[in-house]
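J.: Let's have the full structure, built from the sequences with the hints guiding it.
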Amino acid sequence: MSPDRPSDRTPPPDDVLAEPTHPLVRLTGLRHAHGRTPALRDVDLEVGAGTAVAVTGASGSGKSTLLHAAAGLLQPDAGTVELLGHELAALDDAERAQLRRRDVGIVLQYGQLVPDLPLLDGVALPLLLDGAALGPAREASRAALASVGLSTAEDAVPAELSGGQAQLAAVARALVAEPHLVLADEPVASLDPAGAALALDLLWGVVARGGALVLVTHDNVLAARCDREVRLAHGGVQHDLDLR
Amino acid sequence: MVHSAPVAIGEVHLALLLSGPRHGYDIKRAHDAWFPAERPLAFGQVYATLGRLVRDGHAEVVGTHSEGGPERTVYAITDLGRERLLTWLDEPAPPAGTAGEEIIRKTVVALHATTSGADAERVLSAQRAAHLRRMRQLQRRAASSDPVRDPGREPGRSTDLAVRLADRHALLHLDADLRWLEEAAEALRAQRPTSPPDTRTATPAAKDDQEPLP
Numbered sequence: 108m109s110p111d112r113p114s115d116r117t118p119p120p121d122d123v124l125a126e127p128t129h130p131l132v133r134l135t136g137l138r139h140a141h142g143r144t145p146a147l148r149d150v151d152l153e154v155g156a157g158t159a160v161a162v163t164g165a166s167g168s169g170k171s172t173l174l175h176a177a178a179g180l181l182q183p184d185a186g187t188v189e190l191l192g193h194e195l196a197a198l199d200d201a202e203r204a205q206l207r208r209r210d211v212g213i214v215l216q217y218g219q220l221v222p223d224l225p226l227l228d229g230v231a232l233p234l235l236l237d238g239a240a241l242g243p244a245r246e247a248s249r250a251a252l253a254s255v256g257l258s259t260a261e262d263a264v265p266a267e268l269s270g271g272q273a274q275l276a277a278v279a280r281a282l283v284a285e286p287h288l289v290l291a292d293e294p295v296a297s298l299d300p301a302g303a304a305l306a307l308d309l310l311w312g313v314v315a316r317g318g319a320l321v322l323v324t325h326d327n328v329l330a331a332r333c334d335r336e337v338r339l340a341h342g343g344v345q346h347d348l349d350l351r
Numbered sequence: 543m544v545h546s547a548p549v550a551i552g553e554v555h556l557a558l559l560l561s562g563p564r565h566g567y568d569i570k571r572a573h574d575a576w577f578p579a580e581r582p583l584a585f586g587q588v589y590a591t592l593g594r595l596v597r598d599g600h601a602e603v604v605g606t607h608s609e610g611g612p613e614r615t616v617y618a619i620t621d622l623g624r625e626r627l628l629t630w631l632d633e634p635a636p637p638a639g640t641a642g643e644e645i646i647r648k649t650v651v652a653l654h655a656t657t658s659g660a661d662a663e664r665v666l667s668a669q670r671a672a673h674l675r676r677m678r679q680l681q682r683r684a685a686s687s688d689p690v691r692d693p694g695r696e697p698g699r700s701t702d703l704a705v706r707l708a709d710r711h712a713l714l715h716l717d718a719d720l721r722w723l724e725e726a727a728e729a730l731r732a733q734r735p736t737s738p739p740d741t742r743t744a745t746p747a748a749k750d751d752q753e754p755l756p
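In order, the protein sequences belong to chains A and B. Per this note's numbering, the first sequence starts with residue 108, numbered consecutively. Per this note's numbering, the second sequence starts with residue 543, numbered consecutively.
Check before you lean on any hint, since a few could be wrong.
Simulated DEER-style distance windows between Cβ atoms [as the list claims (entries may be wrong)]: (1) A:GLY157 x B:ASP632: 28 to 38 Å; (2) B:GLN679 x A:GLY317: 20 to 30 Å; (3) A:GLY317 x B:ALA685: 17 to 27 Å; (4) B:ARG710 x A:GLN216: 40 to 50 Å; (5) A:ASP349 x B:ALA729: 19 to 29 Å; (6) B:ARG710 x A:ASP199: 43 to 53 Å; (7) B:VAL650 x A:GLU267: 46 to 56 Å; (8) B:ASP574 x A:LEU180: 51 to 61 Å; (9) B:VAL604 x A:ASP326: 46 to 56 Å; (10) B:GLU580 x A:GLU194: 49 to 59 Å; (11) B:PRO563 x A:GLY155: 51 to 61 Å.
Listing some non-contacts, in silico: residues in chain A with all C-beta distances to chain B over 12 Å [said to hold, decoys possible]: (12) ARG143; (13) ASP151; (14) GLY179; (15) ALA185; (16) LEU227; (17) LEU298; (18) ASP299; (19) LEU348.
Keep in mind the hints are simulated off the structure, nothing from the lab. Everything numeric in this text was worked out from a predicted model, so none of it was measured. The beta-carbon is built from N, C-alpha and C at its ideal position, and this holds for glycine as well.
T.: Quick look at the structure:
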């Protein structure tokens with residue numbers, strides 16, 4: 108059974124779907140400091156459709172700050188973030204939230220699931236917040252949970268899950284709305300090899316469907332699965348390698 | 543007993559001459575300090591290598607030197623030799639997964655030679671690129687021969703399994719190389735600006751510190 112996206116939702120008039128002429132991610136002159144410590148120094152990055160990009164670098168090189176800024180979870184001190192052709196700073200809160208829910212899947216390092224919601228609804232959340240009816244949203248969530256092997260945990264709350272299960276659920280939630288872009292921070296670091304293989308195949312499905320994947324990782328093998336490596340050092344781009 | 547020449551022995555000699563002219567004994571000592579895990583260089587090897595470098599115009603004799611001891615010929619790198627060294631540094635070692643020795647040689651030379659015209663960061667970056675590209679190929683081959691993903695293939699063929707296992711072995715060894723390269727790059731950044739080689743000997747006080755009192 109294929110995952111059933113609730114495609115009967117009526118898009119609002121200011122729909123912000125991808126236009127293929129835009130890069131899916133365009134970061135320009137990003138600069139940010141944590142207190143006095145510079146975390147990003149004039150970083151530019153463009154990611155086109157059908158591309159998986161690994162963002163690597165030593166601890167403290169700015170990888171996670173870059174991903175958080177790209178995801179709109181952190182307001183950079185300077186520079187612009189464009190996702191799917193929309194500059195985040197030019198959108199109001201509601202538009203930004205809509206863009207994130209519908210077109211951008213985000214996987215953070217420790218899952219970050221809503222604590223009190225059973226998984227079935229927690230994973231359906233991006234669809235529910237986007238106005239989908241409960242029935243179709245749960246149906247899509249059920250399919251997403253099945254795809255990561257968590258069908259039996261639909262009624263569990265996050266506290267009842269292992270670290271690996273929570274990470275897999277976060278991947279399911281990021282993919283439930285079939286986003287064009289996935290931004291992921293160490294998405295498989297807490298998974299066993301089988302779970303990691305499953306999650307990575309699903310994430311690469313986004314690329315196969317013409318979307319893009321930006322992966323922060325310290326894992327060389329995973330970086331070498333990507334099409335490009337952007338390596339950061341001290342908040343700057345050390346190299347941007349085409350691996351194809 | 544004859545040993546085959548170590549990998550890139552000529553280039554390493556040239557690297558040792560980058561910081562200034564040296565005689566053969568000095569080259570041997572410096573080589574053994576750079577590569578303490580290797581067999582010490584034999585004098586015959588040093589003079590044979592220097593002879594070849596002079597013959598090919600990569601090094602030249604610039605005089606003799608005697609500090610009250612035997613007279614020693616002093617060698618210097620030529621422009622042609624410098625070019626040969628930098629060309630070698632610019633070419634990443636083969637990402638074979640078993641090319642450890644050449645990677646070590648190239649990286650150590652790059653770290654030492656970086657103030658003399660070589661760019662160690664660029665050398666390390668090019669090596670990382672060569673490794674990542676090879677690792678990507680290995681993973682794509684594994685994915686395309688995976689019977690789960692390609693049910694049309696006859697599963698369980700022993701040749702497939704052997705190739706998969708060999709590829710996996712290569713992949714993990716390349717990963718180990720990359721981790722080592724990262725550590726080497728960190729060491730490079732930590733030691734800047736480059737300091738002269740440490741020629742101090744252990745002082746008696748330092749020695750005493752290591753011995754517990756009765």
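J.: For each hint, tell me whether it holds in the structure or not.
T.: Against the structure, the hints:
Between GLY157 (chain A) and ASP632 (chain B) the beta carbons are some 32 Å apart, a value that agrees with the proposed interval 28 to 38 Å. In this structure the supplied range 20 to 30 Å holds for GLN679 (chain B) paired with GLY317 (chain A), their Cβ-Cβ distance being about 23 Å. Checking the proposed 17 to 27 Å range against GLY317 (chain A) and ALA685 (chain B) shows it holds: the Cβ atoms sit about 19 Å from each other. Between ARG710 (chain B) and GLN216 (chain A) the CB atoms are about 27 Å apart, so this pair departs from the stated range of 40 to 50 Å.
Distance hint for ASP349 (chain A) and ALA729 (chain B): a CB-CB separation of about 28 Å, consistent with the stated range 19 to 29 Å. Between ARG710 (chain B) and ASP199 (chain A), the C-beta spacing of about 50 Å keeps the proposed range 43 to 53 Å intact. Separation of VAL650 (chain B) from GLU267 (chain A) is about 52 Å and conforms to the stated range, judged on CB atoms against 46 to 56 Å. Checked against the hint of 51 to 61 Å, the C-beta distance between ASP574 (chain B) and LEU180 (chain A) comes to roughly 53 Å, which is consistent with it.
At about 50 Å, the beta-carbon gap between VAL604 (chain B) and ASP326 (chain A) stays in the expected band of 46 to 56 Å. Hint check: GLU580 (chain B) to GLU194 (chain A), Cβ distance near 56 Å, so the stated range 49 to 59 Å holds. Checked against the hint of 51 to 61 Å, the C-beta distance between PRO563 (chain B) and GLY155 (chain A) comes to roughly 53 Å, which is consistent with it. With 12 Å as the threshold on Cβ separation, the claim that ARG143 (chain A) sits away from chain B holds: the shortest Cβ distance comes to roughly 21 Å.
Once the 12 Å rule is applied to beta carbons, ASP151 (chain A) is consistent with being away from chain B; the minimum gap is 18 Å. The claim that GLY179 (chain A) lies off the interface holds: its Cβ sits roughly 29 Å from the closest Cβ of chain B, which is beyond the 12 Å cut-off. Separation of ALA185 (chain A) from chain B is adequate, the least Cβ-Cβ distance of about 26 Å exceeding the 12 Å criterion. At roughly 28 Å, the least C-beta separation between LEU227 (chain A) and chain B is larger than 12 Å, which holds for a residue marked as non-interface.
Every Cβ of chain B is farther than 12 Å from the Cβ of LEU298 (chain A); the closest lies at roughly 17 Å, confirming the non-interface assignment. For ASP299 (chain A), the non-interface assignment is confirmed: its Cβ lies about 17 Å from the closest Cβ of chain B, beyond the 12 Å cut-off. Not every Cβ of chain B is farther than 12 Å from the Cβ of LEU348 (chain A); the closest lies at roughly 5 Å, contradicting the non-interface assignment.
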